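In order, the protein sequences belong to chains U and C.
With numbering that gives the first Met the number 0, the residue at position 54 of the first sequence is 53, and numbering never jumps.
With numbering that gives the first Met the number 0, the residue at position 248 of the second sequence is 247, and numbering never jumps.
Keep in mind that the hints were calculated from the coordinates and are not lab data.
Note that the structure is predicted; figures quoted are calculated from it, not measured.
Check before you lean on any hint, since a few could be wrong.
Stated by the list, open to error - Heads up, simulated DSSO-like pairs for lysine-lysine below, C-alpha to C-alpha not over 27 angstroms straight-line: (1) K259(U) x K259(C); (2) K205(C) x K205(U); (3) K205(U) x K255(C); (4) K161(C) x K259(U); (5) K113(C) x K205(U); (6) K205(C) x K255(U); (7) K161(C) x K205(U).
2 protein chains.
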Amino acid sequence: MSLRIAVVGVGRMGANMARRLVERGFSVSAVFDSRPGVAAELAAELGCLSAGTLADVTAAADIVLTVVTDDRAMERIFSRKGDSLLKGAQGRLFINCATVSPAIHREVLKRARKAGAESLEACMASSITQARSGTLYLMVGGERAVFDRVQPLLRSLSDGGKLLRYIGPAGTAAQVKALVNMVMNINTAGLAEGLGLGAALGLDLKMLMEVFSQTGANSRVLATDGEDMVNREHSCFFSAAHAAKDSGIALDLARKARLKTPLASAALGQFRRMVSAGLGDLDKSGVAELTFKGRGPKPRRRGRRSTGR
Amino acid sequence: MSLRIAVVGVGRMGANMARRLVERGFSVSAVFDSRPGVAAELAAELGCLSAGTLADVTAAADIVLTVVTDDRAMERIFSRKGDSLLKGAQGRLFINCATVSPAIHREVLKRARKAGAESLEACMASSITQARSGTLYLMVGGERAVFDRVQPLLRSLSDGGKLLRYIGPAGTAAQVKALVNMVMNINTAGLAEGLGLGAALGLDLKMLMEVFSQTGANSRVLATDGEDMVNREHSCFFSAAHAAKDSGIALDLARKARLKTPLASAALGQFRRMVSAGLGDLDKSGVAELTFKGRGPKPRRRGRRSTGR
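Use the sequences and the hints to build the structure in full.
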């Protein structure tokens with residue numbers, strides 16, 4: 000593949016995707032981040048350009064992967080005025096990987112086409128380790144022909160394509176992703192209540208988790224987050240702040256569809272509570288800090304970092 | 000085994016447990032139900048006594064399995080006055096299988112011992128099919144020595160003991176059971192929201208369920224209830240009314256522990272909503288009737304049956 004690839008937003012996800020691509024022999028030509036130091040460091044590691052502007056990114060690449068925080072960041076990098084990835088974008092392809100609203104994906108596609116470019120959404124239902132090892136679960140939305148064109152690239156990020164799914168037109172992959180995270184966040188917040196109440200009752204939590212795993216209470220998050228909840232091990236793989244954002248996207252969709260989703264609302268409430276208590280940087284398993292007796296937010300420690308995803 | 004076994008409460012669970020015991024060569028001597036016709040029919044099938052009173056049950060049995068609806072039913076069959084299983088109970092063992100509060104199990108044990116008898120709780124985390132085939136997941140609370148004495152009986156109901164768990168003193172198995180169902184009900188109500196919103200967005204629900212199953216949204220209830228939610232197939236294995244009862248037990252425990260459990264509350268709200276809309280007899284998967292557009296309770300159809308569990 001002689002195509003030049005750039006990555007915009009090199010937080011933990013974006014940086015690991017860039018590393019993986021280099022490892023697989025792709026030509027990563029440039030990286031960019033709203034925190035220039037972060038981009039410079041990665042550029043040095045990978046031996047590529049640390050782009051000074053978004054327009055420089057587009058000039059240096061045929062395909063631009065973006066992994067930014069939220070809708071606002073998408074608006075900014077694809078803005079119609081000022082510095083923008085859309086400057087000189089004729090013939091470029093943008094692959095947008097962040098979990099953002101379906102509407103912004105459709106808007107970006109419109110703007111990209113106006114600039115003579117194309118865009119896809121490639122929503123990731125996995126975490127940092129999977130980004131590094133190229134085993135991301137990728138759900139792709141956009142035009143099928145465009146998807147087919149970049150399958151080699153996408154396959155190298157998704158276990159040779161085993162975890163690659165074409166979902167449908169622009170916005171649909173983002174819808175599915177929002178639903179995945181909405182349900183995951185409900186299950187996570189619910190598990191934290193089950194374990195927290197078990198602890199309050201004095202039950203052996205190892206036994207309780209074993210019983211959960213063998214019964215109707217079983218879930219993927221039991222396997223990924225159960226022990227971390229018990230052990231208060233909340234190093235961040237997927238932050239509570241991101242959980243709040245993603246449940247928020249789903250609830251916006253529900254509101255527009257005039258659907259009542261009380262469980263999704265309750266889960267959003269919990270993750271928002273974490274954010275406002277200064278716990279938004281904890282992993283989503285940290286929701287157990289709200290449901291175990293004697294734990295809970297310490298209102299004085301309010302440090303937050305942005306995560307680039 | 001020459002011990003005589005009686006079964007009180009022969010709804011779908013109790014009746015199938017009795018059938019299984021007969022099949023495995025146990026001597027089922029009597030059955031009883033608050034609906035005499037139901038008991039008479041099963042007695043004819045099994046060739047045993049259809050007991051006219053609770054005292055008759057105790058007289059006819061060494062071990063009495065009870066599978067009744069709720070705490071109130073437990074109060075009634077173990078009442079201190081009037082007709083009661085405790086009449087002439089010297090030397091008997093009661094094994095109580097219904098999902099009821101931990102407190103009532105402890106109270107029944109106290110009363111049983113006063114009458115010279117013993118009691119265990121054997122909480123079931125499975126459904127009707129498993130009752131019939133003797134593959135119930137059984138969680139036992141009570142005295143260890145008493146548990147050991149009846150292991151042969153309990154093993155014959157729990158896949159040769161593979162699914163048999165001794166949890167701890169009286170009340171602890173009921174606590175674990177309440178937590179299992181609380182988490183299961185949260186996951187079920189949450190899944191119904193995810194699929195309902197997916198339907199409202201026009202997504203292919205087969206694809207959506209496949210993605211759920213491969214991501215952090217996966218859960219046991221996705222496998223057991225997902226398709227039923229999509230197909231509106233709500234034949235009852237575990238009713239919404241029971242889901243409401245069990246989440247209610249868990250929330251009582253949470254209240255006493257002064258824990259906030261917003262997800263459990265939201266799930267209870269959904270299952271209570273079903274009950275008051277006359278949908279309490281539907282399987283728990285019927286919670287999707289509340290979350291799919293164009294479905295929903297039909298307020299005119301208000302028939303309810305009790306289920307004997």
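*Could you work out which earlier hints the structure fails to respect and list their numbers in ascending sequence?*
Hints 2, 4, 5 contradicted; others consistent.
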